[in-house]
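Can you build the whole structure from these sequences, using the hints too?
As they're listed, the protein sequences go chains A and B.
Count along the first sequence from 1, then add 512; that gives the number in the numbering used here.
Count along the second sequence from 1, then add 512; that gives the number in the numbering used here.
All clues stand as given, with none of them false.
No distinction is drawn between identical chains; accordingly, a pair holds when it is met within one copy or between any pair of copies.
In silico DSS-like links for lysine-lysine, alpha-carbon gap of 27 Å or less:
| # | residue 1 | residue 2 |
| --- | --- | --- |
| 1 | Lys822 | Lys846 |
| 2 | Lys631 | Lys660 |
| 3 | Lys660 | Lys540 |
| 4 | Lys862 | Lys878 |
Since the hints were made in silico from the structure, they are not lab data.
Since we're looking at a predicted model, the values are computed, not measured.
2 protein chains.
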Amino acid sequence: MNAIQQVDNINQFVEVEAGVILENLHQKVKESGFIFPLDLGAKGSCMIGGNIATNAGGLQALRYGVMRNLVLGLEVVLADGTILNNLNPVLKNNTGYDLKHLFIGSEGTLGIITRAILKLNPAPAFFSTAFIALENFENSRELLNRAKIFFGDKLTSFEILWPAFYRLLTNENSGNKKVMPDNYPLYVLTEIAGSDRAIPFQMEVFLESALNDNIVVDAVFVQQQEDRKQFWQIRENIDHILVQHNPIFNFDVSLPVSEMEQYVAKVDAELKQNFSVVYNYVFGHMGDGNLHLMINCGEGNTDAKELVEKIVYAALPSTHSSVSAEHGIGLTKKKWLPFSRSPQEIAVMKSIKNVLDPNNIMNPGKIFYCY
Amino acid sequence: MNAIQQVDNINQFVEVEAGVILENLHQKVKESGFIFPLDLGAKGSCMIGGNIATNAGGLQALRYGVMRNLVLGLEVVLADGTILNNLNPVLKNNTGYDLKHLFIGSEGTLGIITRAILKLNPAPAFFSTAFIALENFENSRELLNRAKIFFGDKLTSFEILWPAFYRLLTNENSGNKKVMPDNYPLYVLTEIAGSDRAIPFQMEVFLESALNDNIVVDAVFVQQQEDRKQFWQIRENIDHILVQHNPIFNFDVSLPVSEMEQYVAKVDAELKQNFSVVYNYVFGHMGDGNLHLMINCGEGNTDAKELVEKIVYAALPSTHSSVSAEHGIGLTKKKWLPFSRSPQEIAVMKSIKNVLDPNNIMNPGKIFYCY
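Encoded structure:
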């Protein structure tokens, strides 16, 4: 059996082995005129099985959803060796419990994902990517609303970048081009895509109207693959942060868009209250309610970790948030699981873990401290 | 606490009690400029809790997804009295197992859903609804593809009606108007909606091009609420079938669009081989890969049930189908669960049922024969 089966052109799906590298799948389905829309920095090395086990998010979740929304069917091997075959591509299937959702995002603790049927989308022919500067956060919220209404499902990405992030990612050593001045209060990187030749024109109209209404203070947009890549490098080349600072503490939080501005300000203020040196690089998938923070509180200051974590998580709105939007719990966030999940929820999770893997042989030690 | 909480306008969600009637929710969120897009014939009596417990589908799943895709957070009471509170509106939350998906579609057998946070969509301002006649099934497939590409996320419904269905639902006693002649080989009812004033014009352009290319043989389209309602009555007033025939055997199957034509022909042929009188009314959500069949094999012939079920299900493609797309298993389809789910899957479902409800007090007797 091939690692990647023949694309089903009519019903728009493909069956793949879990060990297929995401970028290889991208290339393969492209030959049939489709895209598999999951897209993330690690695409050259991450595998489909891992993408499913961690319910990966990435750069186009706003338009196409996270991995959970792209999986139609699954094959999973359970702890007792049972092969659970649910390789069914139908969109609607209300026959008992939808078990695949239990395995998606379970980080390998309930079973080993071996094959999957994935939903494909027609490849868009035209793109336009814009780098935008704004006066304040409220305008970015207004811009996001306008973009959703104006572009509909042509809107594939809406990423926000706080100025410290933009400055660092376009500094002399970054290898990136400064596509606009680095002294604006806020930046947005947005992309639209579709089959419509008028895509670049639509971006122009959209930006012009936002400029006229003072929602936006500066904007550049590009269509060509090479130029778009340059824009995306500024957002994606986060390794550059790791070169500049050591240690870096990484965060991946969910919260309502309406809470973001206040949240970032609060984290900033509390970090500065507690540390004399603070670098807080904030960016993320604003359209999905998902921010990333990369924080350094002094060169070599690894001891800061615990307090930084406390500050970042305690500032979240208590019931309307998540300590892990797309990166999962793994080992390093086990301590913070109770922040986003109630004792009752964790007890139910553990009881399910127990019944499917009574000897705890499936990725032991992940997600929970004890089972 | 109110049965329906204040709509969160910015983050576009609403928190509701499970006992809220779907249509009341529709009216309430409309006041805030939103729609809750789940829409089905029973909206005047069905309740949100039941919609979630059965993972309801309906007329706009093509655009907005089924109930599973509209639920952000849930509150569930378990068999032991535990309240499982996951009333969290964030879009991305990878903190352990996504338990809500276990309860959605579990037909009340794992717990009682008491509250939910539901995703809202901005209310579209403009609509266009078209009734279309086609020469053959292949053209309807081509039309669906074109509609997806041309309209993008403005395409909210794409329903197919075989001619016997259209004829009966527009006959003298139906109360419906014949919006086009009833001797065409196939009919499609499609709707687009959006914020764009040009919606009716776009429908016109789309249909004109399809007529020119001989994909479509006849088409009428309307914009006004009253006219649209008339079109939808033809699709929705299936009680009229129950008045004309007794008994009627109801089916709700999923299968790839590429298999539909052959499938319906096969079921028809086998019914005619086995019964002297056959009425087979076929219609459904083509865009979702979901067909409904309403079958009568002679007035008063209730004995036909078993053979009719066998014919309808045996004709499905074995691994790429479902015996219940959106109606669930309940009592009447328990016998057919193994047709769509493997023994291994059913065993895992039962083990989960057992761990959450060891005394089998949650909606006992549904989905499985024994636990």
